[in-house]
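Student: Sequence:
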Amino acid sequence: MATTPDRLARLMDRSAVQLRDDLASGALTAAETVEVALTAAERNADLGAFALLDAESAREQAAAADAALRSDEDDRRQLIGMPLAYKDLLDVAGLPTRHGSALTAAAPVPTQDDPLVARLRAAGSVTLGKTTVPEFGLDSHSENPLGGAARNPFDLTRSAGGSSGGAAAAVAAGILPFAPGSDGGGSIRIPAAACGLVGLKPGRGTVPSDRAEDTVTNLTCAGPLAHTAEDAALLFDVMTSAEGLAGRTLPDVQADAASLAAGERPRPLRLGLTTASPFGPSLEIRLANSALTAMTRAATALAGLGHSVEEFTPEYGEDYHQDFRAVWTSNLLKAELPQGAAAHLGPLAADFLATASARPQEETEAAVDRLTAWARHVRGQFAAYDVVLTPVLAFAPPEIGHFTALEPEENYAEQCRFTPYTSMVNVLGLPAASVPVLRSEEGLSWSVQVIGRPGAETQLLALAAQLEAARA
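Start counting the sequence shown at 1; every next residue gets the next number (the UniProt record's numbering).
Everything labelled a hint here was simulated from the structure, so no lab data went into it.
Owing to the predicted nature of the structure, the values given are computational and were not obtained by experimental measurement.
The beta carbon of each residue, even a glycine, is placed where N, CA and C say it ideally should be.
Any given hint could be a false lead.
Stated by the list, open to error - Using C-beta positions, here's what the derived DEER-type ranges look like:
#: 1; residue 1: Val109; residue 2: Glu410; range: 46 to 54 Å
#: 2; residue 1: Ala105; residue 2: Ala45; range: 17 to 25 Å
#: 3; residue 1: Glu362; residue 2: Thr39; range: 25 to 33 Å
#: 4; residue 1: Gly340; residue 2: Ser15; range: 28 to 36 Å
#: 5; residue 1: Arg211; residue 2: Ala354; range: 33 to 41 Å
#: 6; residue 1: Ala105; residue 2: Arg59; range: 24 to 32 Å
#: 7; residue 1: Glu410; residue 2: Ser308; range: 36 to 44 Å
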């Protein structure tokens, strides 16, 4: 069937859950769905969402999905026929992994999938290609030395955030129904906030394909970016359940949304609201009016649903900025880069590498010890609440080139000022979600961050669903 502009718009407007159901029922074919996604990607090329597309392979995968659905109407794979794309930090068999860097742009093409890719492929998804990332995923924007720049669908002059900026832009523009991201310092929640999406960073070790070590140096978690809490729950289910089958998160979120629609109140939670940042002692954190308005609006909505909301000011101490920088920059050493790598890196990555290489090992170990004690102390303070509420972004996503025009040290500091509430959650190892709350007069989206206790991912998505219902 020809994909007319009107039909394209109707298909792109489906939620991920609706798309899954329509594919399972035969109302849509995987071939048509993938063709719509490829057409949308082509028409939105100015977003810079994709580092590469593999249309031929995607069409072959879609044909195989349709054949499977025709031969087995009871195929229970949750993502069968649904288009996905992966950050250009993950290995996808047959596609180059360039990490947004000239250093690795010509690396051998991998022959095996990353464990997360393998899990989602086993669930029946169709791989379209790779999404744009900053160099080695180090930044809170998604511009890289290869010329890639993921732009904000609300304003193409602005950043989509990072490092999952390409994924967020593709979802926000309706090219993908949802997308997997990864988050080492805010890399799911930042672009989700910039692009008006729900972005969930699970707790440390929750997603089986992630590293499981419970240490402050294990910062990165995989999680979903989606238009709604229900859609995020579907992808999170598949990430965490066996063999790509449905788990428990999606039904819980659906039930919560249904009870709200029926006028029932959710179980009341104790929410702690704070705008204090652990970067505050070292950097001047200025919150835009829209960031404060989003906090007020979210707090009012949640209080109206029967939750207890109170302000509090955590004691973060003085050392977080320097200690987190030590751990963050040292992670680049784990990439086992070749001799002379700095000459092929962008300015910030080269500075990180030089800084980490020059730092004595005992200094890094001392920073890890201090961060470990810091995390224990802050988790103890957060434990007084079911959920902690903070902003996500301090100011609006800046224009493309804003960060990269700065010298490395100021570039890094400015990114910390932009996202002063996200990296701490990675250090704490707790789950957190970015939830859109309002659109500003400029047409930009503003979100709040909800931080939960260990294992509270479902609760956070349910809370996101409540905020969605209050906003509707």
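Student: Would you mind marking each hint as holding or not holding in the structure?
Tutor: Going down the list of hints, with the structure as the test:
For Val109 paired with Glu410, a C-beta distance near 37 Å fails the hint of 46 to 54 Å. Our hint of 17 to 25 Å for Ala105 and Ala45 holds, since their Cβ atoms are close to 20 Å apart. A hinted range of 25 to 33 Å for the beta carbons of Glu362 and Thr39 is inconsistent with their spacing of about 56 Å. Checked against the hint of 28 to 36 Å, the C-beta distance between Gly340 and Ser15 comes to roughly 49 Å, which is inconsistent with it.
Look at Arg211 against Ala354: about 26 Å separates their beta carbons, and that is not inside 33 to 41 Å. Between Ala105 and Arg59 the CB atoms are about 26 Å apart, so this pair conforms to the stated range of 24 to 32 Å. Evaluation of the 36 to 44 Å hint for Glu410 and Ser308 yields a pass: the beta carbon distance comes to about 41 Å.
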